[in-house]
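All the letters of the sequence shown, read from the start, carry residue numbers 1 to 264 under UniProt numbering.
One thing to keep in mind: the hints can contain errors.
Taking lysine-lysine and the DSS-like style, the derived pairs with C-alpha atoms no more than 27 Å apart in a straight line are [said to hold, decoys possible]: (1) K28 x K149; (2) K28 x K3; (3) K36 x K144; (4) K210 x K89; (5) K210 x K155; (6) K155 x K144; (7) K3 x K41; (8) K210 x K40.
Computed beta-carbon distance windows for the label pairs [said to hold, decoys possible]: (9) R13 x S216: 55 to 63 Å; (10) V1 x A107: 26 to 34 Å; (11) T51 x R222: 39 to 47 Å; (12) S50 x P78: 15 to 23 Å; (13) F82 x E150: 31 to 39 Å; (14) R222 x D62: 31 to 39 Å; (15) C47 x S68: 31 to 39 Å; (16) R222 x Y169: 17 to 25 Å; (17) R10 x Q251: 34 to 42 Å; (18) Y145 x G88: 42 to 50 Å.
FYI, nobody ran anything at the bench for these hints, they're computed from the structure.
All of these numbers come straight from a predicted model, not from anything done at the bench.
By construction, the Cβ of each residue, glycine as well, lies at the ideal position given by its N, Cα and C atoms.
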Amino acid sequence: VGKGAGGSVRLIRRHTDNKTFAVKQFRKRLPAENEKEYVKKVTAEFCIGSTLHHPNVIETLDIIQEGSTFYEIMEFAPNDLFNVVMSGKMTTEEIGCCWRQLLDGFAYLQSMGIAHRDLKLDNMVLDDRGIVKLIDFGCAVVIKYPHEKESRMSKGICGSDPYIAPEQYIQTEYDARLTDLWSIGIIFVCMTIRRFPWRLPRPSQDQSYKNFITPSTQGAARLFKMLPKESRSIIQRILEPNPRERCTLEQVMEDPWVKSLAMC
Numbered sequence: 001v002g003k004g005a006g007g008s009v010r011l012i013r014r015h016t017d018n019k020t021f022a023v024k025q026f027r028k029r030l031p032a033e034n035e036k037e038y039v040k041k042v043t044a045e046f047c048i049g050s051t052l053h054h055p056n057v058i059e060t061l062d063i064i065q066e067g068s069t070f071y072e073i074m075e076f077a078p079n080d081l082f083n084v085v086m087s088g089k090m091t092t093e094e095i096g097c098c099w100r101q102l103l104d105g106f107a108y109l110q111s112m113g114i115a116h117r118d119l120k121l122d123n124m125v126l127d128d129r130g131i132v133k134l135i136d137f138g139c140a141v142v143i144k145y146p147h148e149k150e151s152r153m154s155k156g157i158c159g160s161d162p163y164i165a166p167e168q169y170i171q172t173e174y175d176a177r178l179t180d181l182w183s184i185g186i187i188f189v190c191m192t193i194r195r196f197p198w199r200l201p202r203p204s205q206d207q208s209y210k211n212f213i214t215p216s217t218q219g220a221a222r223l224f225k226m227l228p229k230e231s232r233s234i235i236q237r238i239l240e241p242n243p244r245e246r247c248t249l250e251q252v253m254e255d256p257w258v259k260s261l262a263m264c
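Using the sequences and the hints, build the whole thing.
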């Protein structure tokens, strides 16, 4: 079904009721990794996934070890949102509805003290009823345990270049709730214009991003003009390059346009 840095996914069918499940076969241990580190990574992904129960998050059901190979059993949703978006068949309403579901899934993760850190169209699937599900917790981290008042800062560049927030390249530590939110803003732009606004958010390496952050070039204004009028104000606040000035999820949820998005 799919292959990524963390492993490959195939389908299995349960004999008793013919139900289909997705099975992720985790990548093999790297030469530089010792066994303890490898097992810790694999089980951490399972532990995070298996504690999450929400309509907009894929259900992680079990983990199986055969020799040195680990398999994770998950709910199967047949439609890859990236392909659906790129087909160009989605209406403005459907884009809004899918994005709203993404926000709900993200709000749930945040309430559970989890940062996904690899939010992108490729990590969103649709089930038969059109429900959006977030998948792949290979980069996810716990940023807040139940007894803690403050969220922990994150380190290291995680995610896919076009979706990564600029501060990940500049700061040694960053708030992963805000970098996740940036990725969610990029997802909305991609769903609407069916391409990435830039390859990566580094002005020294990407002219499109340099134009976006340089007021005199009108790059940002040109980009936001391509979006539905009602969405521009909040997407502009989400795609604020300075994380200290970026809006929060709570502010996004209070936005009149976001509130008006129909759940389909």
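Checklist entry - Among all the numbered hints in the text so far, which are the ones the structure does not match? => result 1, 4, 8, 14, 15
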